[in-house]
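> As a plain string of letters, each chain reads:
Protein chains: 2
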Amino acid sequence: MPDQTHTPSAIVVGAGPVGTLWTIFLARRGYRVDVYERRSDMRAAGYTGGRSINLAMSVRGWTAIEQAGIRDQLENAALAMPGRKMHAVDGTLSYQPYGKANEAIYSVSRGGLNLELLNIAAAFPNVQFHFDHRCTELDLNASRISFEDMKTGTHKTLEAPLIFAADGAFSAVRYALQRTDRFDYVQRYIDHGYKELTIPANPDGSHRMDPLALHIWPRGNFMLIALPNADGSFTCTLFLPYEGDISFEHLTNDEAVRAFFQRYFSDAVPLMPTLIEDFWANPTSSLVTVQCYPWQWQGRVLLMGDAAHAIVPFYGQGMNAGFEDCTILDQMYDEFSGDWSRILPEFSQRRKQDGDAILELALRNFIEMRDLVGDPKFLLRKKIAARLHERHPDFLPVYSMVSFSNIPYHVALREDDRQNAMFRDILAIPDIENNWDGPEVERVFAEWQAKGG
Amino acid sequence: MPDQTHTPSAIVVGAGPVGTLWTIFLARRGYRVDVYERRSDMRAAGYTGGRSINLAMSVRGWTAIEQAGIRDQLENAALAMPGRKMHAVDGTLSYQPYGKANEAIYSVSRGGLNLELLNIAAAFPNVQFHFDHRCTELDLNASRISFEDMKTGTHKTLEAPLIFAADGAFSAVRYALQRTDRFDYVQRYIDHGYKELTIPANPDGSHRMDPLALHIWPRGNFMLIALPNADGSFTCTLFLPYEGDISFEHLTNDEAVRAFFQRYFSDAVPLMPTLIEDFWANPTSSLVTVQCYPWQWQGRVLLMGDAAHAIVPFYGQGMNAGFEDCTILDQMYDEFSGDWSRILPEFSQRRKQDGDAILELALRNFIEMRDLVGDPKFLLRKKIAARLHERHPDFLPVYSMVSFSNIPYHVALREDDRQNAMFRDILAIPDIENNWDGPEVERVFAEWQAKGG
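Read top to bottom, the protein sequences are chains A and B. Heads up: the first sequence begins at 1409 in the numbering used here, then just goes up one per residue. Heads up: the second sequence begins at 1409 in the numbering used here, then just goes up one per residue.
Note that these hints are calculated values from the structure, not bench results. Among these hints, one or two may not hold up.
Note that identical chains are pooled: a pair holds if it fits in a single copy or bridges any two copies.
Said to hold, decoys possible - Dumping the calculated SDA-like pairs for lysine to any residue here, alpha-carbon to alpha-carbon at most 20 Å: (1) Lys1493 to Gly1520; (2) Lys1508 to Arg1799; (3) Lys1790 to Ser1551; (4) Lys1760 to Glu1651; (5) Lys1508 to Ile1840; (6) Lys1559 to His1658; (7) Lys1603 to Asp1589; (8) Lys1559 to Glu1545; (9) Lys1859 to Pro1611.
Here the structure is a predicted model, which means the values were calculated and not measured.
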């Protein structure tokens, strides 16, 4: 037993990226941390891939990593994607930068990142990992949590005065909170499933497409995307409805799959030699969103990351939002002198609106990615936004707010509504295609700015 | 073991009104039914009240009871409430009939109704009740369900090829379904809590207020209601926000409670001699709403009643909606020749929109009851609606559709939107207070009818 009177302690449930990063924050504060994880130790088992192979990291993620003092150890594994490259049906390519010249989002390997965080956390003498441990029960009133050791089949029950639950979208801790009085909870699946596929590296290890971009094949109600990996390959993800005219339910044999890809993603097919094998070997996975409130229970149990706010991946913000939870909690630790009984309720109340906002923004971005990225009016809007941003540095396009700043998500969502209204007016300017850089745009912008304050 | 090859069998989870009524339907079809209930047998223990003391029964409830062939046994216990009586702050009373002369909703004792249904169900030789049994696990793939016998502490696991779960808003069966892929789920608590209070009978057993009405003290954001009981008493329910200026959080001592009632419900206070004792003895309870989809799993497990669609009580439709589930399922049994593998998915798909609609209608009726019932414009609208209904029997006010017909709830909700639009136009007629029965109203109505088809 650790000496509880002198060393503060906490239990972290979940050793994914968010749980492990938060463990590092706690360990740096001198906490004794016991981390319980259902899966096996990836340091021993080797990382087996899992479903989501790579992630997009943006400023919020880097901010958390920097605040944890571990940026140097993680920076090398990230591939910068300063823009997106759109693949039209006829194979035509077009490019849109995400932000200004020095701005980019980063493709990182989920497994590689998680492994590195585990190594950093495990190096603290006050951190203990317990893998293959499944949370079976949480007795809130008695402050006890129970785990099954899945290797031995034995059960143990622990005193748990302070629990941080970063155990994901299907959080066991949240299931316990769900049964407490006045706990609001929503889980919703979108109509689309996803399947991961691959574009392997060239024989010489180089990438078969431009690695300095996120590639998108927008096709209206569905899309294919590809993110570069450090080994020269790309991980592709097909997002497609489960049911309907063009959907997974019709892709039932080799021929149907081949015809579908040939028709909609013909320029990708020659780059995917194992398309058919991959299609059958990899699962079709669902996409769940989770909202709940409160995120905490009596200042003693806190939900973090996907356990509190699982979103769809279309803004590349899932992990960034979870990492930002850590940044904010760590700041509040100072603000409230480490008094968790005040930090947890306050965090839950302040941060909830940001969880809701990034979900809404991610749902909107799905429509943008699959539907609008190929729309001339939309591209024109992007061009005007970039020019306004250049001329008026105060004016931040919403994508930049979300990806290249730490401005709260709920502010970005409000700004999205405001900017949508402004661009409706701008795009209604007569012959806007030829006047996109003219004085009329500046006039609408000035009026809008005067209004918005 | 029963002879499974000849007698079809089913497990019903929950012996509340809906579970017990559905058991009767199944028993009449020749099913062997095992009913598992967490609570003790109220026939032995005596009915201990529970939280919700009485219920409003309307046409949908009676339709189910009639279809089950048990109307005679249940009719006597119901008290007709043909209208609502509104108590103004100054004690002034006004009365609004709910429908036409022969139409009423009925106050029934929840305990009494449940007991009677239990007696009817238990009289079938093919029905077996198992009280004090808590559902602990549902293994969907293996079709096995486990219960703990709470009296002995023993556990048993049963083969369960067909399960009907009527185990309420906190359904254990639904918690199992919630973890299946693509199961949508929402639980939301409204801002208000409720507390039950009582107006006892006069010494001679008579009622202290008009028993032929549902009494309402509408006060804007909160209200008190009272339903008559057969023993001469009334059960009162206070609906009040948990937090805020006027809320439960400020009613922390005798004086505050007394002052609050004296200020807002002064005509009720003399009728409530045990107000203060009751206020402290009875819990403040929360009000949860539940929506989910699908309501079934692979044609083998079905959620019914509150387990599938828990709503707020403001339309008096909670139990009626659950009973209507039974009516419709029983009709579908004939339509699909008893093939549950087809009935369950079809029921889930058809009925979901009705569950959503009655939730929305009940939320709207809360605003009507607490806020509008005392509003002159609203009363005028009611008067005009009644007159239109008289003159045009085809025109059914939404309240009548919901309470005095079996028209699907989703049709009633659509009609509510349509009628709201019409009454906005009618109430905008100049000097409508004096022209409410004039030709201009008829003109707007005729136009509206022509539009709506």
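> If a hint holds in the structure, say so; if it doesn't, say that too.
Hints versus structure:
{"no.": "1", "hint": "Lys1493 to Gly1520", "verdict": "neither (25 Å within a copy, 69 Å between copies)"}
{"no.": "2", "hint": "Lys1508 to Arg1799", "verdict": "within (12 Å within a copy, 70 Å between copies)"}
{"no.": "3", "hint": "Lys1790 to Ser1551", "verdict": "neither (52 Å within a copy, 54 Å between copies)"}
{"no.": "4", "hint": "Lys1760 to Glu1651", "verdict": "between (33 Å within a copy, 19 Å between copies)"}
{"no.": "5", "hint": "Lys1508 to Ile1840", "verdict": "neither (24 Å within a copy, 62 Å between copies)"}
{"no.": "6", "hint": "Lys1559 to His1658", "verdict": "neither (40 Å within a copy, 53 Å between copies)"}
{"no.": "7", "hint": "Lys1603 to Asp1589", "verdict": "between (38 Å within a copy, 15 Å between copies)"}
{"no.": "8", "hint": "Lys1559 to Glu1545", "verdict": "within (18 Å within a copy, 22 Å between copies)"}
{"no.": "9", "hint": "Lys1859 to Pro1611", "verdict": "neither (57 Å within a copy, 69 Å between copies)"}
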